[in-house]
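Asks: The residues making up each chain are set out below.
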Amino acid sequence: MNAFMTWFYQMSSPPHFYRWAGRAIPWFMWPALILSAVAAYLGLVRSPEDYQMGHTVRIMYVHVPSAWLSMWCYTSMAVASAIGWIWRMKLAHAVAAAIAPAGAALTFLALVTGAIWGKPTWGTYWVWDARLTSELVLLFLFMGVVLLRNAFEDRAQGDRAAAILAIVGVVNVPIIHYSVNWWNTLHQSASVSVAGKSGIDSSMLMPLLLMVLGFTLYLVALILMRTRNEVLLRESRKRWVQELVQS
Amino acid sequence: MIEWLNMDGDGIYVWPCYVLTLIVLIANVWVAKLQHASLLKRAAARARHNDARTEVLEEISP
Amino acid sequence: MTPRRNRMLSVITLLVGVSLAAVFGLRGCDDLKSYFFDPSQVVAGAVKGDQSFRLGGMVKDGSFIRVPESLDVSFVVTDFAQEVKVLYNGLLPDLFREGQGVVATGKLNQYGEFVAENILAKHDENYMPPEVADSLKQKPPETDY
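Residue numbers (this note's numbering), protein chains in the order written: chain A, 5 to 251; chain B, 46 to 107; chain C, 5 to 149.
Treat the hints as calculated values from the structure; they're not laboratory data.
Any given hint could turn out to be false.
Taking lysine-lysine and the DSSO-like style, the derived pairs with C-alpha atoms no more than 30 Å apart in a straight line are [said to hold, decoys possible]:
{"no.": "1", "chain 1": "A", "residue 1": "Lys123", "chain 2": "C", "residue 2": "Lys89"}
{"no.": "2", "chain 1": "B", "residue 1": "Lys78", "chain 2": "A", "residue 2": "Lys94"}
{"no.": "3", "chain 1": "A", "residue 1": "Lys123", "chain 2": "C", "residue 2": "Lys141"}
{"no.": "4", "chain 1": "A", "residue 1": "Lys123", "chain 2": "C", "residue 2": "Lys64"}
{"no.": "5", "chain 1": "A", "residue 1": "Lys94", "chain 2": "A", "residue 2": "Lys242"}
This is chain A alone, in the form it adopts within the complex:
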């Protein structure tokens, strides 16, 4: 715990974070690339067709990781915002600012791949059921956080306003997750659960879980890249940035 706190305090120093992240990014990006490529090969070539859906089941290997990680992004953004607000930690706000557009991109992917998948399986691109609607609300929340932060001249004020929206919006995450259990939806309920047996055959579960892992590592790398940019933007007048570009 102590070692973690030391690491945490060191990380909260922008120049330290900037250097550390610069070294760490390839260690996430390359494994992400390899894992996703393997998962795509397994998903598109090696995995079997579904007994009902046929080949369209292969859309699952990009749809499900996008959807899961869109919720993961939102939760992380809310946690970073809360840390930034409570401890007045600027770097945490920078992380939250870095996550928002990445999360919006994943939510967009989840919605669009879901719509394309819906046509051959359900017979429609879109319905206003609880799952689809709450995921659409997630996209609006991400966009709202981005817009709100930019709406203020003063960066600290923008950070605080965006933090409040991010924290308030986090109630939508359990709503998305449990919508398929709480209410009747056209969307099927969860196939993979942490405990208990999953409804997916292992030949399909393997590429799915590999893709989720690949997407997760990719996102960590992307968020580190975007946070470095945020740090540069926010600290552009600081001495360490000047020294950095001169050396």
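Place chains B and C on chain A using the hints.
Replies: Chains B and C alone, transformed into the frame defined by chain A:
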């Protein structure tokens, strides 16, 4: 090969999903890289400007 | 109380407040959030008059009938407690099967049959290759969907 791409007619749903995902994931990284380069450039310009100012200040001060 | 404690408390208050609002807000309008009614609700009279609504459930095995040389079909939707007969004229989605989920939009007629204008297939959460599905068929399937 064609048969695999076609996927019994489901290819028209499957391939757009994968292509779109690939485009969005690559675009995210690409935009972040461009942003990084332009931020560094701006910081360098600011640093040069500051240097020039210090030099002038040093010249006029005795 | 330190300012930091104060902010921590305000975050917690904010979260609790919004969660409570969400719970009560969402409890209020159940029919808004449920995308469809199941046969038990319909038989119990959850839908009043000749309102249009969505009916969802499983297509009962062996209940599908097509009128020869037409698009007129009928089948029974069940939730394993109650059943509703559905009449439909039109194209069915590719994944429409007996023993699979379905969501139909329409109204009840005077005989308590559901006249559908539109039919969507509802997939369950199980994914498997055809061989596995075949070997599962030997054993009786579980009846919860």
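Asks: Can you list which hints this structure breaks, lowest number first?
Replies: none
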